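Combine both chains into one complex, guided by the hints.
Heads up: the protein sequence lines correspond to chains U and B, in order.
Numbering-wise (our numbering), the first sequence opens with residue 23 and increments by one.
Numbering-wise (our numbering), the second sequence opens with residue 178 and increments by one.
No lab work stands behind these hints, which were simulated from the structure alone.
Just so it is clear, the structure is predicted and the values come from calculations on it, not from any experiment.
Cβ atoms here follow ideal geometry from the backbone N, Cα and C, with glycine treated the same way.
It is possible that some hints are incorrect.
Across the chosen pairs, the derived CB separations fall in these ranges [said to hold, decoys possible]:
1. Arg-250/B / Ile-203/U: 53 to 61 Å
2. Val-224/U / Glu-238/B: 18 to 26 Å
3. Ala-401/B / Phe-201/U: 56 to 64 Å
4. Glu-238/B / Gln-111/U: 28 to 36 Å
5. Arg-250/B / Val-265/U: 55 to 63 Å
6. Ala-189/B / Ala-270/U: 47 to 55 Å
7. Gln-44/U / Ala-401/B: 30 to 38 Å
8. Arg-304/B / Pro-152/U: 52 to 60 Å
9. Val-265/U / Asp-247/B: 26 to 34 Å
10. Gln-44/U / Arg-304/B: 46 to 54 Å
11. Ala-270/B / Gly-168/U: 55 to 63 Å
12. Gly-168/U / Gly-318/B: 43 to 51 Å
13. Gly-438/B / Ile-203/U: 54 to 62 Å
To spell it out: a stretch of chain B is covered by chain U in this simulated footprint if at least three of its residues, at any positions, have a beta carbon under 8 Å from a beta carbon of chain U; those stretches are [claimed, not checked]:
14. 227-239
15. 266-274
16. 282-288
17. 300-308
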Amino acid sequence: MRQALLASYTLWLREVVRFLRQRSRIVGALGSPLVFWFLIGSGLNRSFQGGPAMPLQGGYLEYFYPGTLALILLFTAIFSTISIVEDRQEGFLQGVLVAPVPRAAIVVGKILGSTTLAVIQGALFLLLAPFAHVQIHLADLPALVGVMVLVSFGLSGLGFLVAWWLDSTQGFHAIMNIFLIPLWILSGALFPASGAAGWVRVLMLVNPMTYGVSALRRFFYDQPLASEPPFRLSLAVVVLFAVAMAAAGTVAVRRKRGTP
Amino acid sequence: MTILVPAVEVDALRHRYGTRVALDGVSFVVPGGQIFGLLGPNGGGKTTLFKIVSTLLAPSEGTVRVFGDDVVRDPAAVRRRLGVVFQHPALDARLTVEENLRHQGHLYGLSGRPLGERIVDVLSRVRLGDRRRDLVGTLSGGLQRRAEVAKALLHRPQLLVLDEPSTGLDPSARREISQDLSELRRQEGTSVILTTHLMEEAAGCDRVAILDRGLLVALDTPVALTAAIGGDVVLVTTRDAKNLAERVGRRFTVKAEVVDGKVRIERDRAHEFITDLVESFPGEIDAVAFGKPTLEDVFVHYTGRRLEEAAQ
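Bound conformation, chain B alone (with noise of 0.2 Å):
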């Protein structure tokens, strides 16, 4: 395996369609052997960079090369690289299990009794062999899934590309789906790049690039990512909160900005703090909250949107 060739480089890339702007010069590198999680809002452009990099879609600028090979100039040599796990099923819903395994083995030049044994191991991997012989259309969505998955892994691909393989899904199957990515990883050595709105998914990921309205506003592991953010994240509910912001701000020298809302201060000691915020500013103050920084504050941090305002 070559850790050294990164597994994917993004490097300048911009793509339009029409006139509507989905990637506006994304560059970074995801190394050999990571999980690498793509997150952002819908329309955020991490579909646009999914669709690039799986070899749907030629980019308007910028190049992608996925250990090494060009998509735009050698699509054929990256194809084999890469397993492609779809939002939407790409699984023939009027065949088994089984059949749909086989004629993926079939694209990707397996056959014959390698074929047989290899999907053997892959539907045991994702914990179906006992439903192979199902019609798909009567498996469940989590089943589907990690058919799905199943049918991404036959020919042993270096990157596993996944957009958004949790969405529609429940959180035990969501949690399966992550502890199947992490055991591929550990075992085979795979690199993972999957897209999500969804911060617990994220959290997952060994690094995480946010992106939104086609840009990438930040890029670094979950930790560092939150830790950067520091201190803690204050919440105030309050009747007015455009004005209080306005006010708290001056009195504090803080950033405070309305999210959803509320009130939301970035905050060192923030049980101090807010002894001296609610004092200051008494009776307007109707609920106060705060916690440790996660994904969703770090993306309100660099956007000054939550993620599902940031959807609409």
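For reference, chain U alone in the conformation it holds in the complex (with noise of 0.2 Å):
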């Protein structure tokens, strides 16, 4: 158990160093959703006042935020766990699978690695929150922490299931990019699921980031919206899925063991 939660921490460790030793790599995953923030935000901030689905009264840009910080989440967990084909590419993950570890705890050490980035990028754009006009209880704070975590995991454990198939970075971006933008449109963060058509709620209510970005939206609203899942299931559902990532993934590394 303690070489497992050695080869863990060893591997985060790599995680954060390399993020922290490649600048653009900080600036890309934080600028990029908050510009998407701030324009779409600002664009249909006019369009959204009032209507009958969006009860927030601070607007769109408002309703966005928590949108937006699951989008940040979403984006850094996702695209960090590129450092498996790196890894690949560069040949380091081979001198990382010959070592006495549990699959498991390269599997765990990877996700966190790539769990903590997306929380310190999230927990950046927590400190936009005031000029957004948007109210966090201090006493909060811890919970919605942790609620971070848990998203991320989960999303983290999803990329490392498709990028450890995949042997190039090109690759890995077209494939995510797939993923990327549904699960992240349909999880309630652009629009709630209360205006959407019949088949768009459906999928919604399957996206398991749309349970995500409930947890989170918990920490932003005294009121929970009248179509979000229960702050529970939400949370129910996130934590089982993080767990499904990291099995899968477990299971995956097992499997690989065919190819040249």
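Okay, structure coming up:
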């Protein structure tokens, strides 16, 4: 057990150190959702005001704020798992695979690395909350970060699961965009389910990200939105998704031994 | 140290990638404490064998045991005994040498001060002590390879497995790696398996297995392998090698082959034979060379091709 923890720890640490040594990654990961939030939020702000599906006082920029937080977690968590592909190309991964380490420890270490990066980016975005007229109770902060960790863990796990089978970073970008855009658009981050068409609502219902967004959103408003799943259900789905992704990742690592 | 249990036992090993056969029933034993070379052209099956021994690949058929532990059934036990040096670097270029070794130590259950001391030890062994705070990306190819070896030695493996350790290195860096390995075997009794397509590297091994097209074609000490060919090797340069080879074969009842555009004959007392040869085919022979057989000749002897040819 000690060895498994040590292995996870060291893989996690390496992920964070590598990230901090590449400034451009920090700027890119934080910058793009910020631009997104400001442009889309400002653009749609008027159109959404007072609609029946938009019960918030603060308008769309406020509705969109937790959605942007989810977007940041999603982008950072998933795109940082590109390090699996890089590790494979650069040869580092093979050195890890021949070490006497439980495969689950490798998966958890890598996922935790991506999770950490996502949560750091998310936390930086939280610092901007006052400028968006979004209020977060300080007492809620630890729980909010906890939910951010769980959401990011599941998304990193999804990223790991896909990245594990790919051997080019171009392929990674192509495949991940297929996942990312629908996951995010149909999560309630961009628009609430209550105003959507029936089939969109069904897709939103089965999208695990919906529950992540909903769990995150709970910390920003005093009243839950009518269209959202209850907090406990959201949290349960988020945890289940995280565990399932880590388990699937471990199975994937154990399976891939027959290829050249 | 257990000398009695072989370092590696390979038994009836087969591996296929789809329909391509990479290993076609290979068996051999590597006793503990030896430096064992797997010699062969690229595509001959060496790297597949390397991957199976290092637990990265499960074979289609057959077994491999490392100090008695089966690589498929008990990979974790095998991994603890193995130090692996890959052909493509497995170091993180964005981290320093020391950081790389620290991560490696953690993966093998080492930590804290014992790990720190061990890092100093292995780096001084490969003469990299003064570069330990440098980013790996700033080291030359030879130094990176030495850092790889240091990394593989960190947990005191019983068996060091190296895939083409000297590929891409200049001759002096090659010699240094080979000296490091000999010293390691002498001082710590570490067994070594290395794959190579370089004759000079194979000649430095205690025993050499020659792999070609997935088959083990010869296995012995380099001296015994060359001695088995017997006598000398004669190479004849001529315009029509194929034609001359046939006639030489008939005239002297020897095996004359065309290898790399030249007629090649294995023959005792070559200096006398050459006189007869030149007199028998006046005007047809442009040049004749002869010498004691090398491992290259051993490879040609068993496969009918030169190593470079075989790789294509």
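Hints versus structure:
Distance hint check for Arg-250/B and Ile-203/U: the Cβ-Cβ separation is about 44 Å, which falls outside the suggested range of 53 to 61 Å. Look at Val-224/U against Glu-238/B: about 49 Å separates their beta carbons, and that is not inside 18 to 26 Å. Hint check: Ala-401/B to Phe-201/U, Cβ distance near 59 Å, so the stated range 56 to 64 Å holds. Between Glu-238/B and Gln-111/U the beta carbons are some 31 Å apart, a value that agrees with the proposed interval 28 to 36 Å.
At roughly 28 Å, the beta carbons of Arg-250/B and Val-265/U sit outside the given window of 55 to 63 Å. Checked against the hint of 47 to 55 Å, the C-beta distance between Ala-189/B and Ala-270/U comes to roughly 35 Å, which is inconsistent with it. With their beta carbons about 54 Å apart, Gln-44/U and Ala-401/B fall outside the hinted range of 30 to 38 Å. Distance hint check: the CB atoms of Arg-304/B and Pro-152/U are about 57 Å apart, consistent with the given range 52 to 60 Å.
Here the CB-CB span from Val-265/U to Asp-247/B is close to 32 Å, well matched to the stated 26 to 34 Å. Our hint of 46 to 54 Å for Gln-44/U and Arg-304/B is violated, since their Cβ atoms are close to 31 Å apart. Our hint of 55 to 63 Å for Ala-270/B and Gly-168/U is violated, since their Cβ atoms are close to 35 Å apart. Between Gly-168/U and Gly-318/B the beta carbon distance is about 47 Å. The supplied range of 43 to 51 Å therefore holds.
Checked against the hint of 54 to 62 Å, the pair Gly-438/B and Ile-203/U passes, with Cβ atoms roughly 60 Å apart. For the segment 227-239 of chain B, the stated coverage by chain U is satisfied: 5 residues place a CB nearer than 8 Å to a CB of that chain, which reaches the threshold of 3. Coverage of the segment 266-274 of chain B by chain U holds. Counting CB-CB distances below 8 Å, 7 residues qualify, and the rule asks for three or more. Note: the segment 282-288 of chain B has 5 residues with beta-carbon separation from chain U under 8 Å; the three-residue rule is met and the coverage holds.
Counting residues of the segment 300-308 of chain B whose C-beta lies closer than 8 Å to any C-beta of chain U gives 0; at least three are required, and the coverage claim is violated.
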